[in-house]
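Peer 1: Chain residues, written in single-letter form:
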Amino acid sequence: MSLLFEGREWNFDKLKGVYDAVSEIALGDLGLDVYPNQVEVITSEQMLDAYASIGLPILYRHWSFGKSFVRDESLYRKGFQGLAYEIVINSDPCISYIMEENSMTMQTLVLAHAAFGHNHFFKNNHLFRQWTDATAILDYLTFARDFISGCEERYGIEAVERILDAAHALQLQGVNRYTRRPRRSLADELARERERRNYVETTWNPLWTTIPGGKQDTVREVELLSSENPSIEFPEENLLYFLEKNSPVLRGWEREILRIARNLAQYFYPQRQTKMMNEGCATFVHYEIMTRLHEGGKIDDGAFLEFIQAHTSVVFQPAFDDRRYNGLNPYALGFAIMRDIQRICSDPTDEDRAWFPEMAGNGDPMGTLRGIWAEYRDESFLLQFLSPKVIRDFRMISLKDEEGLPYFEVSSIHDEQGYRDIRVALARQYECARIDPEIEVTDVNLRGDRKLLLEHRVYDGQRLDQASLRATLQYVRSLWGYAVRLREVDGQTGLALSAVAETEVS
Amino acid sequence: MNIIDRRLNPKGKSLPNRQRLLRRMKAQVRKAVAQSIAGRRVTEIDADKSVSVPVEGIREPTFRKGASGNRDIVLPGNQKLTKGDRVPRPQGGGGVGRDASDSGEGEDDFTFSISREEFLDIFFEDLELPDMVKRRLTQSTASVPARAGFAISGGPQSLDVVRTLRNSVARRLALRRPTDDSIEALEALLAEAEAKGNADDVTRLTAEIALLQRRRRIIPWVDPVDVRYRRFEARPVPIAQAVMFCLMDVSGSMNEHMKDLAKRFFMLLYLFLQRRYEAVDVIFIRHTHEAKEVDEDTFFTSRETGGTVVSSALVAADGIIAERYPVDSWNIYVAQASDGDNLSLDRDRVLAAMSAKLLPACQYFAYLEVGDPPDHSWEDRQGASELWKTYESLLAPTVPLAMRRANSANEIFGVFQELFARSGVH
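For the record, the sequence lines run as chains A and B. If you're matching positions, the first sequence starts at 1 in this note's numbering and goes up one per residue. If you're matching positions, the second sequence starts at 1 in this note's numbering and goes up one per residue.
Chain A with its partners taken away, still in its complex shape:
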């Protein structure tokens, strides 16, 4: 076998050659199933741009993206933070950005990691299949950008910014967690948007503008509310959806902007739920592919050492008392568990047979992993497949943090009785539904002062952060137009917490 490349310089021909070799291993040996790939070469400056627009190639304009750009840029310039080697977008075709500064070895690694690892995960994981529409996302982003810039022209940057600020603040509460609403094509989206605008234009009546005081929109929209939405369903967990449909003060285009923010939040929700698995899958795939390339004599020892060096820094996990510790490294954890599954399938110990009887020694690691990548998300994946060996290797402990005590108590360590406890506790740390506060719209007084009532169901005494709570409620208030009250209730009993647990913004 001849080498695919030598030295660190890359060019487009080498990239093509490497892509073909990588693709042969990925699709043939590993049996991956991917969207068609589109690889885009960018500069570090463009990488910073891509960072700022949350990795999306097309995005509407907002100051918060400018802010993150400034932050990332200054961190990068001062050398506190390196840039990612790649960014990959869940779309069909799957777009991977690779940086021109990367060496040829890194480009190979990146192609294996993003164009095959992440790509396979996006295409096959059930969360992405059910909740995101990879073929339509780029069209939708274009629509969103054009719509919002149109609004900026028509209604002014400030007016649009006001809505976007509020929508961003509520994005975590703009996700449907249980039921999926019907998926619309871009044509439908455009038609709906036009319809909304037409409605406003055809029903505009100059008479209303002569009513002294108050907003003329308020009057009309309230009538709309009672005729179109005779019954609002409570409780509603999707705040943005609720406000978009039911707010008495929003105008058509403002509702559309809320919808855009909501759709984006929904698009990213699977990524939040599968971050560790997704990175683990991509890391596992690049590791397999690079190793096989080296074994097949297609890359030389120097390139392989460079790869190993990059790989180990990616999967490096400092201990919790290390200064560099910054949470569990999703790459390290995902990669370790997946390597372990590979080992269990092909070379199990007695312990593995006891813990994983259904897959121990089945001799088909890739098939097993592909099944896992398709069916699980972080939380369920940890709950099922975090093996005692990985817990031992990571030397995990579980601490109990009880409010009011001046210490944490070690509740489990990596011993026989601790494995299951640690597994459950760690899985919970990755459960989005547990990380995000559970907030619902429970009632609104439509006949009276139109006050909106929100409830936060508190579990384990984990109350909302008070400082940001008030500011966020202000945003809800500006979208709803009337007073808003948030009550924190006990998650189990549904009773109001005894402490002062109501915040009201009017």
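I should point out that these hints are in silico values taken from the structure, not numbers from a laboratory. Heads up, the beta-carbon is just placed ideally off N, CA and C, and yes, glycines get one too. Keep in mind that a hint or two might mislead.
Said to hold, decoys possible - In silico lysine-lysine, BS3-like type, Cα no more than 25 Å apart, as pairs:
{"id": "1", "chain 1": "A", "residue 1": "LYS245", "chain 2": "A", "residue 2": "LYS451"}
{"id": "2", "chain 1": "A", "residue 1": "LYS400", "chain 2": "B", "residue 2": "LYS83"}
{"id": "3", "chain 1": "A", "residue 1": "LYS400", "chain 2": "B", "residue 2": "LYS65"}
{"id": "4", "chain 1": "A", "residue 1": "LYS275", "chain 2": "B", "residue 2": "LYS65"}
{"id": "5", "chain 1": "B", "residue 1": "LYS389", "chain 2": "B", "residue 2": "LYS259"}
{"id": "6", "chain 1": "A", "residue 1": "LYS389", "chain 2": "B", "residue 2": "LYS80"}
{"id": "7", "chain 1": "A", "residue 1": "LYS400", "chain 2": "B", "residue 2": "LYS80"}
{"id": "8", "chain 1": "A", "residue 1": "LYS123", "chain 2": "A", "residue 2": "LYS16"}
{"id": "9", "chain 1": "A", "residue 1": "LYS389", "chain 2": "B", "residue 2": "LYS83"}
{"id": "10", "chain 1": "A", "residue 1": "LYS389", "chain 2": "A", "residue 2": "LYS400"}
{"id": "11", "chain 1": "B", "residue 1": "LYS389", "chain 2": "B", "residue 2": "LYS357"}
{"id": "12", "chain 1": "A", "residue 1": "LYS78", "chain 2": "B", "residue 2": "LYS11"}
{"id": "13", "chain 1": "B", "residue 1": "LYS13", "chain 2": "A", "residue 2": "LYS78"}
Stated by the list, open to error - Here are some of the chain B residues that sit facing chain A, going by a computed Cβ distance under 10 Å:
{"id": "14", "residue": "ASN2"}
{"id": "15", "residue": "ASP5"}
{"id": "16", "residue": "ARG24"}
{"id": "17", "residue": "SER68"}
Since chain A is already given, all that's left is putting chain B on it; use the hints.
Peer 2: This is chain B only, laid out in the frame that chain A set:
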């Protein structure tokens, strides 16, 4: 697979986001710029420098759980702890192992550097400069592109089609590139021969046509050697050297507000001169009843007591000009800031120094009379000041003297109006 090279795509994709951010933080940025002006030297006015902006107004709040309540935390890398051990709770609120959130944290020390253009933008905004003037000041190179023949490389926008085609025609003729007509003629003959069934002719003609077509491929219609581009050269506009005298009254009656106005006044003149001259020297002369040449720090910060004798500064400036800046090789600009107090006995000496020495020597003499902020209660000066009256008597259409009263930054520009208007001729 598809590889796309995006490196040449336009840069600054997130620039509009940055502008929105700046707009959002306008108030804070303005304040920061004002503070930064106080800390800058006159000659540093347009240096790139970062301006820290506090974080107010750009927080992004969300509903999120606070630190309260009970939870289990799983950590890696346990060395010696066993079940039941107690770990002291770390100070400062945050617990171990809580994932650092990907955004929204660490916002407190949000600083960013605004570029030279953005800084000047805000600086000019306070001064309310006319747009033309702003453009002239922001421009960083004093050169104009001028046609300079032709080049064999360049951008597509400067392709010279006529030149290129002229070369192409010459080359095609010289190398005898077969024309369309000759091939068509042969093809007609071939068709004829085929119709007649003349096998010899058909093979001969086919071979000939193939030969011609091969020639056509080898000798392209336009070859890279033909291509010519229009060449431009940056022609520098004539520049020379200038010296700028900053004269300021530092007696006790000049307060901080007045000094700030004076500083902006000097900065603006410096910016202007810097655009027009390659080298600009700045001389600081402060005076009470006697004048002294000082460095910039002393100029703006230290305070002297004493009477006010303006002529002393004028004489000092004249002395420096005679000593170091010969009029024939230096352009001399004088900027004077004062609250207008002067000893009435000094009037004749001022007039003499101005009309005999300074005014004939200098390009422009700008006098700014600074006052307290407009809303200041005890600011109710009646009539013109002593110095103002003195200078007023010198005013004539040919005299390069401009004077102006300013209570706030936006009134400063008036004193330069004529200066900038004149420079528009160039």
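Peer 1: With reference to the structure, classify each hint as holding or not holding.
Peer 2: Quick rundown of the hints versus the structure:
no., hint, result
1, LYS245(A) - LYS451(A), "16 Å, holds"
2, LYS400(A) - LYS83(B), "11 Å, holds"
3, LYS400(A) - LYS65(B), "17 Å, holds"
4, LYS275(A) - LYS65(B), "20 Å, holds"
5, LYS389(B) - LYS259(B), "22 Å, holds"
6, LYS389(A) - LYS80(B), "18 Å, holds"
7, LYS400(A) - LYS80(B), "17 Å, holds"
8, LYS123(A) - LYS16(A), "23 Å, holds"
9, LYS389(A) - LYS83(B), "19 Å, holds"
10, LYS389(A) - LYS400(A), "23 Å, holds"
11, LYS389(B) - LYS357(B), "19 Å, holds"
12, LYS78(A) - LYS11(B), "21 Å, holds"
13, LYS13(B) - LYS78(A), "22 Å, holds"
14, ASN2, "5 Å, holds"
15, ASP5, "5 Å, holds"
16, ARG24, "5 Å, holds"
17, SER68, "5 Å, holds"
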